[in-house]
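Number of protein chains: 2
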Amino acid sequence: MNNILCIYSRFWLRHLVFMGAGAMGEIKHLVVVKFKEGVVVEEIVKGMEKLVTEVDLVKSFEWGQDSEGHEMLTQGFTHSFAMTFDKKEDYAAFQSHPSHVEYSATFSAAIEKIVVLCFPCVRVKPTG
Amino acid sequence: MNNILCIYSRFWLRHLVFMGAGAMGEIKHLVVVKFKEGVVVEEIVKGMEKLVTEVDLVKSFEWGQDSEGHEMLTQGFTHSFAMTFDKKEDYAAFQSHPSHVEYSATFSAAIEKIVVLCFPCVRVKPTG
Numbered sequence: 001m002n003n004i005l006c007i008y009s010r011f012w013l014r015h016l017v018f019m020g021a022g023a024m025g026e027i028k029h030l031v032v033v034k035f036k037e038g039v040v041v042e043e044i045v046k047g048m049e050k051l052v053t054e055v056d057l058v059k060s061f062e063w064g065q066d067s068e069g070h071e072m073l074t075q076g077f078t079h080s081f082a083m084t085f086d087k088k089e090d091y092a093a094f095q096s097h098p099s100h101v102e103y104s105a106t107f108s109a110a111i112e113k114i115v116v117l118c119f120p121c122v123r124v125k126p127t128g
Numbered sequence: 001m002n003n004i005l006c007i008y009s010r011f012w013l014r015h016l017v018f019m020g021a022g023a024m025g026e027i028k029h030l031v032v033v034k035f036k037e038g039v040v041v042e043e044i045v046k047g048m049e050k051l052v053t054e055v056d057l058v059k060s061f062e063w064g065q066d067s068e069g070h071e072m073l074t075q076g077f078t079h080s081f082a083m084t085f086d087k088k089e090d091y092a093a094f095q096s097h098p099s100h101v102e103y104s105a106t107f108s109a110a111i112e113k114i115v116v117l118c119f120p121c122v123r124v125k126p127t128g
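Going line by line, the protein sequences match chains Y and W. When we follow the UniProt record's numbering, the leftmost residue of the first sequence carries the number 1, and every step to the right adds one. When we follow the UniProt record's numbering, the leftmost residue of the second sequence carries the number 1, and every step to the right adds one.
Don't read these hints as lab results, they were simulated from the structure. Bear in mind that the values here come from a model prediction, so they are computed numbers and not experimental data. It is possible that part of the hints are untrue.
Pairs count within a copy or across copies, as identical chains cannot be separated in the list.
[What the hints assert, rightly or not] Straight-line alpha carbon distances no greater than 25 Å define the calculated BS3-like cross-link-like pairs of lysine-lysine that follow:
1) 87 / 113
2) 59 / 36
3) 88 / 125
4) 50 / 125
5) 36 / 87
6) 88 / 36
7) 46 / 113
8) 50 / 34
9) 125 / 34
10) 50 / 88
11) 125 / 87
12) 125 / 59
13) 125 / 46
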């Protein structure tokens, strides 16, 4: 019984340390892409900026274009887009939001290859 | 002459709007990976957390493990690590920092595939 209690408290301790390391429950939606040749990337980016500005569910948004250009490291990918949501439910609601659904069609048509990760964000530095 | 002045001011206006959109000059170093089978990911992450905590050049660090698991979207990648630097010079100094060089050997040995992007970070939301 003591062992079970010990394991149980260890679990919660780890859980609390984990949650303390990042903003509680924050979800990050990360998209890394290579656009098709001939795509006007500026317009795609403008569309995304408009989307995240209009939809309150998106807590934060940042993006960038690789400036180093080491093909061996980038694997041909050029752009990164990262959205943060307060909680999983907000991310789910965003996915089915009409503005997102509409924009996704434009975005999908413009990409040659893509990697999408979605994860609870662990912030180590700065803490809190 | 008027035209040149006009183009020149437009350039600076765009430049100012751009710089205003993100933190000035901030550089993001993004690493997306799939680890080799059998690798104890927890140890690799601990090593990275130790590294970024010790090296002051790293302004912020966050990471996460994909929780959705859509193979078609993740392309087999599982983890994302993102470091932020105040300026390009800090990133360059970090790259050649002895602690980073040492850790890189361990990290490289653990990965099956990797995408690395490095870019001036444009923060759209929240602004400023």
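Hint check results:
For the identical chains of this complex, residue 87 and residue 113 are neighbours neither inside a copy (28 Å) nor across copies (29 Å), given an alpha-carbon limit of 25 Å. Proximity of residue 59 and residue 36 under a CA criterion of 25 Å is satisfied in neither setting, with 29 Å inside one chain copy and 34 Å between copies. Proximity of residue 88 to residue 125 under the C-alpha cut-off of 25 Å is found in both arrangements, the shortest distances being 22 Å within a copy and 19 Å between copies. In this homomeric assembly, residue 50 and residue 125 come within 25 Å of each other (Cα to Cα) only across copies, at 11 Å, whereas the closest approach inside a single copy is 29 Å.
In this assembly of identical chains, residue 36 and residue 87 lie within 25 Å of each other by CA distance neither inside one copy nor across copies; the values are 32 Å within and 30 Å between. In this assembly of identical chains, residue 88 and residue 36 lie within 25 Å of each other by CA distance neither inside one copy nor across copies; the values are 31 Å within and 29 Å between. Taking the closest pair of Cα atoms, residue 46 and residue 113 come within 25 Å of each other only inside a single copy of the chain (20 Å); across copies the shortest separation is 31 Å, beyond that limit. For the homomeric pair residue 50 and residue 34, the shortest alpha-carbon distance inside one copy (21 Å) is at most 25 Å, but the shortest distance between copies (32 Å) is not.
Only between protomers do residue 125 and residue 34 lie at most 25 Å apart by alpha-carbon distance; the minimum there is 23 Å, versus 29 Å within a single protomer. In this assembly of identical chains, the alpha carbons of residue 50 and residue 88 lie at most 25 Å apart only when taken from the same copy (22 Å versus 28 Å across copies). Proximity of residue 125 and residue 87 under a CA criterion of 25 Å is satisfied in both settings, with 20 Å inside one chain copy and 17 Å between copies. For the identical chains of this complex, residue 125 and residue 59 are neighbours both inside a copy (19 Å) and across copies (7 Å), given an alpha-carbon limit of 25 Å.
In this assembly of identical chains, the alpha carbons of residue 125 and residue 46 lie at most 25 Å apart only when taken from different copies (13 Å versus 30 Å within one copy).
In this structure, the earlier hints numbered 1, 2, 5 and 6 are contradicted, and the remaining ones agree with it.
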